[in-house]
Amino acid sequence: MSTLSERILGAAAGEYVDRKVDRAYAHDGTGVLALEAWNAMGGDRLGKDSDYYIQFDHIAPANNSTTATLQHELREFAKRSFMHFSDIGCGICHQLMSEGIVLPGEIVVGADSHSVTPGAFGAFATGVGATDMAAIWLTGETWFRVPESVGVNLTGRFTGAAEAKDLALTYVEKLGMDGATYRALEFVGESARNLSIDERLVLSNLSVEAGAKAGLFYADDVTVRYLKERGHDVAPQVPESCTYRQELDIDLADVVPLVAMPHRVDTVKPVEALAGLPLDQVFVGTCTNGRYSDLARFARLVKGRKVAVRTIVIPASAAILEKAIRTGVLADIAEAGCTLGTPGCGPCLGYHMGVLGEGEVCLSTANRNFKNRMGVGGEIYLGSVATAAASALKGEITSPEAA
Amino acid sequence: MQGKGTAVCLPADIDTDVVIAGRYLRTKDRSIWATHVFEDLDPSLAARLKGSVIVAGKNFGCGSSREQAAIAIREAGVVAIIAPSFARIFFRNAINIGLPLIESDLTCKEGSTVVFDLSQGWVETEGKRHTIRPLSPRMSEILTAGGLVEYWRAHR
Numbered sequence: 001m002s003t004l005s006e007r008i009l010g011a012a013a014g015e016y017v018d019r020k021v022d023r024a025y026a027h028d029g030t031g032v033l034a035l036e037a038w039n040a041m042g043g044d045r046l047g048k049d050s051d052y053y054i055q056f057d058h059i060a061p062a063n064n065s066t067t068a069t070l071q072h073e074l075r076e077f078a079k080r081s082f083m084h085f086s087d088i089g090c091g092i093c094h095q096l097m098s099e100g101i102v103l104p105g106e107i108v109v110g111a112d113s114h115s116v117t118p119g120a121f122g123a124f125a126t127g128v129g130a131t132d133m134a135a136i137w138l139t140g141e142t143w144f145r146v147p148e149s150v151g152v153n154l155t156g157r158f159t160g161a162a163e164a165k166d167l168a169l170t171y172v173e174k175l176g177m178d179g180a181t182y183r184a185l186e187f188v189g190e191s192a193r194n195l196s197i198d199e200r201l202v203l204s205n206l207s208v209e210a211g212a213k214a215g216l217f218y219a220d221d222v223t224v225r226y227l228k229e230r231g232h233d234v235a236p237q238v239p240e241s242c243t244y245r246q247e248l249d250i251d252l253a254d255v256v257p258l259v260a261m262p263h264r265v266d267t268v269k270p271v272e273a274l275a276g277l278p279l280d281q282v283f284v285g286t287c288t289n290g291r292y293s294d295l296a297r298f299a300r301l302v303k304g305r306k307v308a309v310r311t312i313v314i315p316a317s318a319a320i321l322e323k324a325i326r327t328g329v330l331a332d333i334a335e336a337g338c339t340l341g342t343p344g345c346g347p348c349l350g351y352h353m354g355v356l357g358e359g360e361v362c363l364s365t366a367n368r369n370f371k372n373r374m375g376v377g378g379e380i381y382l383g384s385v386a387t388a389a390a391s392a393l394k395g396e397i398t399s400p401e402a403a
Numbered sequence: 001m002q003g004k005g006t007a008v009c010l011p012a013d014i015d016t017d018v019v020i021a022g023r024y025l026r027t028k029d030r031s032i033w034a035t036h037v038f039e040d041l042d043p044s045l046a047a048r049l050k051g052s053v054i055v056a057g058k059n060f061g062c063g064s065s066r067e068q069a070a071i072a073i074r075e076a077g078v079v080a081i082i083a084p085s086f087a088r089i090f091f092r093n094a095i096n097i098g099l100p101l102i103e104s105d106l107t108c109k110e111g112s113t114v115v116f117d118l119s120q121g122w123v124e125t126e127g128k129r130h131t132i133r134p135l136s137p138r139m140s141e142i143l144t145a146g147g148l149v150e151y152w153r154a155h156r
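Protein chains in written order, with our numbering: chain X, 1 to 403; chain V, 1 to 156.
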């Protein structure tokens, strides 16, 4: 009996295999270096039978002429080699792959650490660096060591204001930031099946923060329905009983709103313990928490009120932006005094659109709070959308349960 | 593959943001990465890396997939990195650019001489020999070729 990772990769944990990559994607950050490696390899034609994507999200739109020139070269290459190309404003690569592209059972590789995100669809999705991506462009294949898996068994239901992000921070804290290195996380149990696709994407997204190679859900009725709405007929994956290298049981009822402290994702405290900590900025968005349901929840909490601190809200994709415009969610957010950004990564990686100054403190819905990441001397606290909304309204870290 | 260098000790959980900050990534000029490597950890470190072997705690290279982290370390003159474990993308990236990584748990003494032999499977420092976890056959081939670019140039 196999884990889902073993099933998709077609070999037992510990084995080394060469596998065709169904979908390979890179962004403007890693793509530039991958193009250099591709040229150095003498690349001329893309490997057969794989789909290749380049999405501009990291510095989008370009912040200066150096970036613009690098992006121009990559854009021309993407078009010349007939890759699927998404220019600035289309959105974050992981989100675009999750809007009806990645399908259950596929092997997906992205040149970005958060390429674990589409594992939410029952795909084996993982991240690599630029040179590995160039070799995939060349051959359509790469090598894998089939990972042992950690079974994350979810039971119960959320109570109070706790949400998927708090659950994700809970498992990262329990495993530690290298607790799942070289391994895959497989989210199972009755409550895994109750989670929406947006919630699953949050859990898969954070798996790399515990060092994991992948973070997978079995495709079930929820997955089938989501993909059906986007034009795909797929079958659910039936779980087999299998042996996990390690098991982690989490009752969702035990999850409370949390924040991850600077500068480690695995160092968390209940939001309440930090209540009153003054903020300079709140940021809502990213491949973790920039989806429509996130914006809608945020809008519901700030509607008719004014934020007390500068607050940047960035939809994860153009489709999300358009839906938020149509439903009025965006108007509520703008009227509450928030600043809106172009769909993409925003200030998460510290390049543009909301970089922090020395000594500034930010509550962010992103997935990483490493030292200086969002700007030299800035401090990043990671939390949920509800925590971000409650905190934005008061200008200080505030429990969503106190609001 | 053999090598030798002077030990530079680093803590556990070194993330790739701290190896090379996002603000330096958008360039093709690799000397910029070498100049600013580890700047947010210790601005004086970059100048001390030529001919060194980094001996770090567990989970070296966690976080972002930026290959510039591995390139910055190599360009600064580091001979190899030794740690009990590496984040997996960094592991692949380093081998792919021909920078040897050695999985071994040894006590670091700043400035001591570190000698290693990857094919024989040992690393030696302070008169003590430690075994190392061997690379997979494919990773060995890639590293021996000098990196993945060279590997594919030879295999096409």
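Watch out, some of these pointers could steer you wrong.
Said to hold, decoys possible - Mimicking DMTMM-like on lysine to aspartate or glutamate, the simulated pairs with C-alpha atoms at most 25 Å apart in a straight line are: (1) X:K371 <-> V:D42; (2) X:K394 <-> X:D280; (3) X:K371 <-> X:D266; (4) V:K28 <-> X:E73; (5) X:K394 <-> X:E358; (6) X:K20 <-> V:E150; (7) V:K28 <-> X:D198; (8) V:K28 <-> X:E76; (9) V:K28 <-> X:D280; (10) X:K371 <-> V:E141; (11) X:K174 <-> X:D266; (12) V:K109 <-> V:D29; (13) V:K28 <-> V:E150; (14) X:K303 <-> X:D220; (15) V:K28 <-> X:D44; (16) X:K371 <-> V:E39; (17) X:K323 <-> X:D87; (18) X:K20 <-> V:E141; (19) X:K48 <-> V:E150.
Claimed, not checked - Computed from the model, here is a short list of chain X residues facing chain V with C-beta under 10 Å: (20) L33; (21) A34; (22) E36; (23) L46; (24) K48; (25) P61; (26) N63; (27) G105; (28) T139; (29) G140; (30) K323; (31) G337; (32) L340; (33) T342; (34) Y351.
Hints are computed from structural coordinates only; laboratory data are not their basis.
Cβ atoms here follow ideal geometry from the backbone N, Cα and C, with glycine treated the same way.
**Request:** For the hint on X:G337, just tell me whether its beta-carbon gets within less than 10 Å of chain V.
**Result:** Result: violated, 28 Å to nearest chain V Cβ.
**Item:** Cut-off 10 Å, beta-carbon criterion: hint that X:K323 touches chain V
**Value:** At 29 Å from the nearest chain V Cβ, X:K323 fails the 10 Å test, so the hint is violated.
**Request:** Hold the hint about X:E36 up to the distance rule: shortest CB distance to chain V must be less than 10 Å.
**Result:** Given a least distance of 7 Å, the restraint on X:E36 holds.
**Request:** Quickly compare the C-alpha distance for X:K371 and V:E39 to 25 Å and report which way the hint goes.
**Result:** With a Cα-Cα distance of about 11 Å, the restraint between X:K371 and V:E39 holds, given a limit of 25 Å.
**Message:** Using the nearest Cβ pair, does X:T139 come within less than 10 Å of chain V?
**Reply:** Hint holds; X:T139 Cβ to chain V Cβ min 8 Å, cut 10 Å.
**Prompt:** Is X:K394 close enough to X:E358, meaning Cα to Cα at most 25 Å?
**Reply:** 22 Å, holds
**Asked** For the pair supplied as a hint, V:K109 and V:D29, is the alpha-carbon distance within the 25 Å limit?
**Response** 33 Å, violated
**Message:** So if I understand the rule, the pair passes when the alpha-carbon distance is 25 Å or less; does X:K371 with V:E141 pass?
**Reply:** Judged against 25 Å, a Cα distance of about 35 Å means the pair is violated.
**Request:** Could you grab the alpha-carbon distance between X:K20 and V:E150 and see if it respects the 25 Å cut-off?
**Result:** 21 Å, holds
**Request:** Hold the hint about X:G140 up to the distance rule: shortest CB distance to chain V must be less than 10 Å.
**Result:** 13 Å, violated
**Message:** What's the verdict on V:K28 and V:E150, does the C-alpha distance respect the 25 Å limit or exceed it?
**Reply:** 19 Å, holds
**Prompt:** Holds or violated: are the alpha carbons of X:K48 and V:E150 at most 25 Å from each other?
**Reply:** 22 Å, holds
Hints 7, 9, 10, 12, 14, 23, 24, 25, 27, 29, 30, 31, 32 and 33 from the list above are not met by this structure, while the remaining hints are.
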